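K.L.:
Position chains B and C against the provided structure of chain A, taking the given hints into account.
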Amino acid sequence: MNLLLDLSTPIVMGILLGGLYSLVALGLSLVFGVMKLINVAHGDLVLMSTYLAFSMMTSFGLDPILSLVIGMPVMFVIGFAIQRYLLNRAFKISMEAPLIIAFGISIILQNFYQIVWTPLSRGLTPSYAMLSFSIGGLNVPLVYGLDFAVSLIVMLALREFMKRTYVGQAINAASQDRGAAQLMGINANRVYAFAFAIAMVLAAIAGVFLGLTFPFTPQSGVSFLIIAFGVVVLGGLGSIAGTFIGGLVMGLAQTLGGYFIGTGAQMFVAYLIVFIVLGVRPQGIFGR
Amino acid sequence: MKVNPFRLRGGLAPLLIATVLLALFPLIGVPQNWLLYLFLFFIYLALANMWNWLAGYCGLISLCQPAFIGIGGYTLALMTWVGLPIWQGLIAGAIIAALFAVIISIPVFRLSGIYFAVGTLIVPELLRLFFLNWRPVGGLLYGKGAGYAVKGATTIPATDIYWLTLIICIGSVLMMRFILRSNLGLGLAAIRDNASSAASSGINVFKLKFYSFVGSAAITGLAGAAFYIQQGFIEPTSAFNVRWTMVLMLATVIGGVRLEEGPAVGAIIVVFLHFLLARYGGVSLLIQGVILVFIMLIAPQGIMGSVRRALSHRTPHLRRQPARTRG
Amino acid sequence: MPEEPLLKVSDINVFYGGLQALWEISLTVNTGEIVAIIGANGAGKSTLLNTIAGVIHPARGSIEFEGRRINTLEPFHIVSRGVCLVPEAGRTFPNMTVRENLNIGSYNSQARGKKMQNLELVYEHLPVLKERQNQLAKTLSGGERQMLAIGRGLMSDPKLMLFDELSLGLSPIIINELYRVLREIRARGITVILVEQNVRRSLKEADRAYILECGRVVLSGNVAELREEEKVQKAYFGT
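Protein chains in written order, with our numbering: chain A, 1 to 288; chain B, 1 to 327; chain C, 1 to 239.
Chain A on its own, in the form it takes in the complex (with noise of 0.2 Å):
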C-alpha cells in the first residue's frame, strides 16, 4: 500500500514528462519522417529556442510562454533557411551529406551557445516557476502540468495542420512519393523547407517548456536529441500518437528510473532502454 503511493508520484510525473517529451520529438519525427534525415542537430536547434527565450526575458523580462510570439517566426525561418540552403544542396552531394551538416550544425550551436551563454547552468525561471498543483493528493510543479496540456494542444493542432491544410497534404504525399507528389503540382522542395520550418516552430515550443522545467547548459542540445530520438524510436515512426505513446514510456522510464536507481542514474537509464530498443526492435513499438 505505502509502495503504491510512493509510486504514484514518480508515475504521475512520469507521464506529464512524457508529454513534454512526445512534444520535443514531434519535429524531429516530422523531419524524419519527410526526409528520411535525422537531424542530429535537433536537440541543439530546440535549445536554441530556449536560449532565445532567456535572452529575451533577461533582457527585456518577457515571460518565456510569451517569447513564443517572437521565438516561433524566427525559428520558421531560421528552420526554413537551413533546409533550403544547406540540407537541399547536401542531399545531392551523397548519401552522407546532410548527416555530416548536421553534425557540423550541431557543434556550431553547441559552442556559440558556450561563447555566448557561457557554460553555466541556466533555466527559464518566471514567477511561475516555482508553483506547484494538486492531482489526486499528489504535489505536482506547475510548469509539469503546463508542459503535458501544451503538448497535448500543439499535437492535435499538428494532426488537423497535416489532415487539412494544402500544406500538410502536400508534406504527407511528399514523405510517401516525392516523385508522384511532384507530378501533382508539388513543389517538393519547397515543401520539404516547409515541413523542417514547421519542425522548427515545434522544436521552438519544445524548447521553452524545457527551459521552464529544467536547468540547461549549451551542451544540452545532446540530451535533447536523444530524448527525442528515443521517442521516435519507441513510439514508431509516422503516427502522432505513437509519437505520443514514445514520449509517455521515456518519461516513466527517467523517473522511475530515478525513483529506483537513483538520481544519478536517470539520464543513464533512460538512453539504456533507448539503446535497447534500437537493438531489440529499431522499428519502434509501434512501428509500421
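Calculated from the structure, these hints are not laboratory results.
Hints are not guaranteed to be accurate.
Capping the alpha-carbon separation at 20 Å, the derived lysine to any residue pairs in SDA-like fashion look like this [stated by the list, open to error]:
#	chain 1	residue 1	chain 2	residue 2
1	C	Lys-159	C	Ala-187
2	A	Lys-92	B	Arg-192
3	A	Lys-36	C	Asn-95
4	A	Lys-36	B	Leu-186
5	B	Lys-207	B	Leu-186
All values reported here derive from a predicted model rather than from experimental measurement.
P.N.:
Structure of chains B and C alone, referenced to chain A:
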C-alpha cells in the same frame, strides 16, 4: 596483384623514409613544442584512418569513436591502479575496446544508415554518464568528477611516448594500405557501392562490417590509451566528448574520404588549426564546425579528392556516391 | 485552317542515367486527339512521357504546350499549365485514403478552385472511388489503384493527360473499364497521350500513333494507315 581503385600509387618507400625521418626528430633536437604537435598529429591520423575505414569504406558513419577512445584510456588508467605496467595497460585498452565493440555491435548492426549514426551517438553518452558515477578503484585524484590519474605516466619520457604514437600511426597507415589491397578492401568497395548486389555476389556484408567495426575499435582504443599516457589523467566528460568525433570527421572530410592519403592531409590541417586557434578555446570547435559544413557543401571530395580529380581524368573511381535517387 | 497543335515536341535529345535514350524525337498532338506511343520495352516510351512531364529535361530540342515552352520547367510547374502524367503503376499515395489522394490531385493553383466540381466528375466516371472513399490506397486492388491514379490526375484539371502503361498487369475486364474511362475523358475535351505495350488495344482506341524503336520514331501516322503498313503488321500482328 589485385587491382583496387583506392590505393595510392608508389610503394612503401616514401612511407619508410617519412617514418625514419620522423623517428629521428627528437634526437636531432626538434623543439618539444613541435614534438607535441606531431604527437597530436600521429594520434589524430590513427584515429582518422580508423574512422575513414568505417565511414568511408564501410559506409558506417560511426559517432561512437569517443567511446573506444575513452575505454582505451580508462582501461589503461585502471590497469595502472591495479599495479600493471603501462605497456600492458595499453594493450589491454585496445583489447577491451575491441571487446566492447563486439558487444555493442549486436544492437548497433541492426540499425542502418541514420539510425546507426544516432545509435552510435548514444554509446559515448552512456559511457560518460556511467563513468561519472562509477568509481571502480580507490579514491579520487585528478580532474573533475570521476577522474583518474594514469599512474606512472609521468615516469615515461616524452620521446618514448612520441615514438609509441609514431608506431601506432604508421601501423594504422600500413593497416589501411593492407586492407585496401586485400580481399577485404575489394569487398568493402563493393559494399560501399551497392550493399545488396554485393550481398548477392556472395560477400558476407555483415562479417566484413563487423570485422571493420571491431578492428577499428581496437586501434582507436589503442590510440586513445596512448593519448592518455601523455595526458597523465582521464576524466569522463573530456574522454567521451564529441570533440573527438568532430576532429576525426573534419580531418577525414577535409583530406578526402575514401582516399588513402586523405586522413593524413586532413590531420595535418586539423593540427595546424589547433595550433592557430590554441588561444581561442571555444571558438576553435565552432570554426571547425563551420569548416566542416563548408567543405561538405563546396568540396565534399576533400582536398586530395579535388587534387586527384584535377590531375587525372581517367579515374572513374572518384565518382562520389550517386545522389539519392529521387521520385 | 490548321490549328496550332496542343503539344509540339521538336527534335529532342534526352539522356537518362548517363546514356542517350531519345534521339531527335519530334511529335505533335492536336487538341481532342488520343495519340498512342508504342514500341517494345526499352524503346524510350516512358522516358518520352517523363520528359514531357518535366521529370527529365531534354539536352537539346524543345517542347511546347499551347505555344509556350515547357521543357525547362519543373514537373510541378508543368502540372499547373495543364499537363498531367499518370505514371506507371499509378503511384498513388499508399497511406492516404482514396479521398485524400483525390484531394491532393487538386493541389495546383489552377485546380484548387474547382476541387468539388472535379470531384463530382471523378465520382461520376469512376463510381468505385466514391464507394471506397475512406479506404487507404494501399488496400485497393491493382485495378482500383489505377483508377484512383486516373481520378487523381483528373483532379488536377488537365488539358492533356499522359498515361504510362495504363493496363500493365491488369485483367482484360479492368482494362476495358479503364479504356471506357479514357473515352469519357476524351469526350470531356481532354487530350490524351497513351503509352502502351498492348499494341492492339491502344491502336483500337487511338486516332494517331507514333512507333518508337531504340529511342527514335520509326513510323507515325493515322492508326488506320498504320494498321495497313506491312512493317506494323509483321512486327505487331504477326501477319
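K.L.:
For a quick check of understanding: which of the numbered hints are violated here, in increasing order?
P.N.:
4
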